[in-house]
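Enquirer: Chains as they are written, first to last, in my numbering: chain A, 1 to 281; chain B, 1 to 303.
No lab work stands behind these hints, which were simulated from the structure alone.
Even for Gly, the Cβ is constructed at its ideal location relative to N, Cα and C.
A few of these clues could be false.
In silico DSS-like links for lysine-lysine, alpha-carbon gap of 25 angstroms or less [as the list claims (entries may be wrong)]:
| id | chain 1 | residue 1 | chain 2 | residue 2 |
| --- | --- | --- | --- | --- |
| 1 | B | Lys300 | A | Lys100 |
| 2 | A | Lys16 | B | Lys19 |
| 3 | B | Lys200 | B | Lys293 |
| 4 | B | Lys293 | A | Lys100 |
| 5 | B | Lys293 | A | Lys161 |
| 6 | B | Lys19 | A | Lys168 |
| 7 | B | Lys19 | A | Lys11 |
| 8 | B | Lys103 | A | Lys11 |
| 9 | B | Lys300 | A | Lys161 |
| 10 | B | Lys185 | B | Lys58 |
| 11 | A | Lys180 | B | Lys293 |
| 12 | B | Lys103 | A | Lys276 |
| 13 | A | Lys184 | B | Lys19 |
| 14 | B | Lys185 | A | Lys161 |
| 15 | A | Lys100 | B | Lys19 |
| 16 | A | Lys16 | B | Lys103 |
A few chain A residues that face chain B, going by a derived Cβ cut-off under 10 angstroms, partial list only [claimed, not checked]:
| id | residue |
| --- | --- |
| 17 | Lys11 |
| 18 | Val20 |
| 19 | Ala23 |
| 20 | Leu30 |
| 21 | Thr38 |
| 22 | Arg204 |
| 23 | Phe217 |
| 24 | Gly272 |
| 25 | Ile275 |
So the derived label-pair ranges between C-beta atoms look like this [claimed, not checked]:
| id | chain 1 | residue 1 | chain 2 | residue 2 | range |
| --- | --- | --- | --- | --- | --- |
| 26 | B | Phe81 | A | Leu132 | 36 to 42 angstroms |
| 27 | A | Ile14 | B | Glu186 | 55 to 61 angstroms |
| 28 | A | Lys39 | B | Ala34 | 42 to 48 angstroms |
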Amino acid sequence: MEDHVRMRLIKNHIFKGTVVLFAFISLLPLLLILYYITKNGISVINWDFLMNLPRPIGETGGGVFNAIIGTIILIALSCVFSIPFGIAAGIYLAENSVGKLGNLVRLCVIVLQGTPSIVIGIIAYLWVVAPLHTFSALSGGVALSIMMLPVIVKTTEETLKLIPYHLKEASLALGVPYYKTILKVILPSGLSGILTGILLSVARITGETAPLLFTAFGSQFMNWNIFKPIDSLPYRIFYYAMSPYPEWHTFAWGASFILVVLTLAFNLIARGVSIKWKIQF
Amino acid sequence: MKMGKQQTGTDRSERRFTKTLMVSAVLIACLLFAIALTLLIESIPAIKTFGLGFFIGKTWNAASEKFGALPFLVGTLLTSFLALLISIPFSIAISIFLGEYFKEGALSTFLRSSVEVLAGIPSVIYGLWGLFLLMPLARAIEIRLGVPPHGVGIFTSSLILAIMVIPFSASIGREVITLVPSDLKEAAYSLGATRFEVLKNIVIPYARSGIIAGILLALGRAIGETMAVTMLIGNSNFLPTGIFSPANTMASVIANEFAEATGIVSSSLIYIALVLFLVTMLVNIIGNYIIQKISIEASKEVT
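Using the sequences provided together with the hints, build the complete structure.
Expert: As structure tokens, then:
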């Protein structure tokens, strides 16, 4: 009897040990990735690297200035395309929690979120690049905005659903029209949640490469024209990583360092917004 | 009179507002249908030429204009399932760790934020890291095993994919494990069960379908994952001969070839994209359906 109980306890401890062990082993890659990026990346980062254009192989130096600007332009474009649209659809879903259209749209959002980024790249190519006969920042923005959209819709819907019903009732009871209630009472109360969603979706698209392969394409030059190919950090990393030149490999690490800092910053700001501006009901 | 006018003005804005909301929602549904339709239309030339035989054709050759997607199907299936197999013990361990053993506290916060960071690292950086760490590692293993030391290939891609999907299935697993009603667990504890026995006999069986849904959604992720795999799989259009041989997945062949493709090549690649789209759609719908059902059941039991 004693032995039997002891066996069960031992089994219990072994299992707990295994779970803890496996959980922490899976953090090993993260540590290694961060270590590699810092070790190889930080030594490349300097003012020249940040403020110069890429140079052809053979010339030393050069940087990723155009890629940083390109990434910012792409993010701005996709925000312009997806935010108004996504928030409006999110409000619709929050306000119509039952109903056929709502359910259909919710399903579409789920499917859209799971659609592989490379497929969205092809779509942006067929919709924007092929008719205009040129790779362009615009098409990259379209591809990335399709990736942002489901995240924004979902977070908007979930945030607005959490807002207590009596807030809305109080506003309506005072004779405020429905649309003003939504725009002036409900939406501001949910602002922090919506902002968090937008920031998270931006963090998600900042590192996306696959949809840019045949849309924004990449460029060695500084470009402000959204109808021309544009460079981006993830594309530059891909380009440098796949090249056979060791010097370019170190550049890839440098660009990776910037990209990781950028995505982590977006994630941290998102978390900060959601904690600091959280409205308690 | 004045009041009446104001009323109609409000009514008009009201209607305009609700209409705008509805149109945005409808447009999202339209967007998805437009995506499906575009893929279908653009792949018609390939569908007409190759039909369903496309998926059993072993050769992908631009010179002879013969296109079969079997190598890529096999490549995708091998990498995704191998990745899942590798990731499952880890993601379940994390789910149990966060959902049962350490629900709160510093350790839990640490693990959870680390997993979140892991999920946020861009795919292309996984690829870069894989090229410099996993590839030499795989090469060393291949030399030890006496197979051709490519370094890149299905095995390497599966490793990187496994690391990439762990956060995904772990977070879903954690959620469903926390949904297990505590009265069930307490009943078992009061009968003298150890924590391991509660987990084995109550928590895991109860959360099983949710955990499976999480794994299914991770599979959807793995199937569609492009960049890291493209960088590590070796870009070979021949049928893979083993788990160490270079190959191409459906996503990576598109990434490698679409920019230069024209005519029937382009159409064939879009055909592959269409299949990729449909498969991930199916996987996502099933996975989400299971999770939704579980959360509805759980909320019923609370009330």
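Enquirer: Hints first: check each against the structure and report whether it holds.
Expert: How the hints compare with the structure:
Under the criterion of a C-alpha separation no larger than 25 angstroms, the hint pairing lysine 300 of chain B with lysine 100 of chain A is consistent with the structure, at around 23 angstroms. With a CA separation close to 55 angstroms, the supplied pair lysine 16 of chain A and lysine 19 of chain B exceeds the 25 angstroms bound. Between lysine 200 of chain B and lysine 293 of chain B, the direct Cα distance comes to roughly 22 angstroms. Compliance with the 25 angstroms bound is thereby established for this hinted pair. At roughly 18 angstroms between alpha-carbon atoms, lysine 293 of chain B and lysine 100 of chain A fall within 25 angstroms of each other, so this suggested pair holds.
A threshold of 25 angstroms between alpha carbons decides the hint, and for lysine 293 of chain B with lysine 161 of chain A the separation of about 19 angstroms falls inside it, so the pair holds. With a CA separation close to 20 angstroms, the supplied pair lysine 19 of chain B and lysine 168 of chain A stays within the 25 angstroms bound. A distance of roughly 61 angstroms separates the Cα atoms of lysine 19 of chain B and lysine 11 of chain A; the hinted pair therefore is violated under the 25 angstroms criterion. Annotation: proposed proximity of lysine 103 of chain B to lysine 11 of chain A holds, straight-line Cα distance about 21 angstroms (limit 25 angstroms).
Of the supplied pair hints, the one linking lysine 300 of chain B and lysine 161 of chain A holds, its CA atoms being roughly 19 angstroms apart against a limit of 25 angstroms. At roughly 53 angstroms between alpha-carbon atoms, lysine 185 of chain B and lysine 58 of chain B are farther apart than 25 angstroms, so this suggested pair is violated. Taken as a hint, the lysine 180 of chain A and lysine 293 of chain B pair is broken in the structure, with Cα atoms around 35 angstroms apart against an allowance of 25 angstroms. Between lysine 103 of chain B and lysine 276 of chain A the alpha-carbon distance is near 23 angstroms, which keeps this suggested pair within the 25 angstroms criterion.
Using a Cα cut-off of 25 angstroms, the hinted pair lysine 184 of chain A and lysine 19 of chain B holds, with the two alpha carbons roughly 18 angstroms apart. Distance restraint check for lysine 185 of chain B and lysine 161 of chain A: the Cα-Cα separation of roughly 31 angstroms exceeds the 25 angstroms cut-off, and the hinted pair is therefore not satisfied. For the hint linking lysine 100 of chain A to lysine 19 of chain B, the alpha-carbon distance of about 16 angstroms falls within 25 angstroms, and the restraint holds. This hinted pair checks out: lysine 16 of chain A and lysine 103 of chain B have alpha carbons roughly 14 angstroms apart, not beyond 25 angstroms.
Given the 10 angstroms rule on beta carbons, the hint for lysine 11 of chain A holds: about 6 angstroms separates it from the nearest Cβ of chain B. For valine 20 of chain A, the shortest C-beta to C-beta distance to chain B is roughly 7 angstroms, which falls under 10 angstroms, so the interface hint holds. A least Cβ separation of about 4 angstroms between alanine 23 of chain A and chain B falls short of the 10 angstroms threshold, and the interface hint therefore holds. The criterion of a C-beta within 10 angstroms of any C-beta in chain B is met by leucine 30 of chain A, whose closest approach is roughly 5 angstroms, and the hint holds.
Annotation: interface hint on threonine 38 of chain A violated; nearest CB of chain B at approximately 12 angstroms, more than 10 angstroms. Hint status for arginine 204 of chain A: holds, given a least beta-carbon distance of 8 angstroms to chain B, under 10 angstroms. For phenylalanine 217 of chain A, the shortest C-beta to C-beta distance to chain B is roughly 8 angstroms, which falls under 10 angstroms, so the interface hint holds. This hint is violated: glycine 272 of chain A has a C-beta 13 angstroms from the nearest C-beta of chain B, more than the 10 angstroms allowed.
Annotation: interface hint on isoleucine 275 of chain A violated; nearest CB of chain B at approximately 13 angstroms, more than 10 angstroms. At about 40 angstroms, the beta-carbon gap between phenylalanine 81 of chain B and leucine 132 of chain A stays in the expected band of 36 to 42 angstroms. Between isoleucine 14 of chain A and glutamate 186 of chain B the Cβ separation comes to about 24 angstroms, which falls outside the hinted range of 55 to 61 angstroms. In this structure the hint that lysine 39 of chain A and alanine 34 of chain B lie 42 to 48 angstroms apart at CB holds, the actual value being about 46 angstroms.
In this structure, the hints that do not hold are numbers 2, 7, 10, 11, 14, 21, 24, 25 and 27, in rising order.
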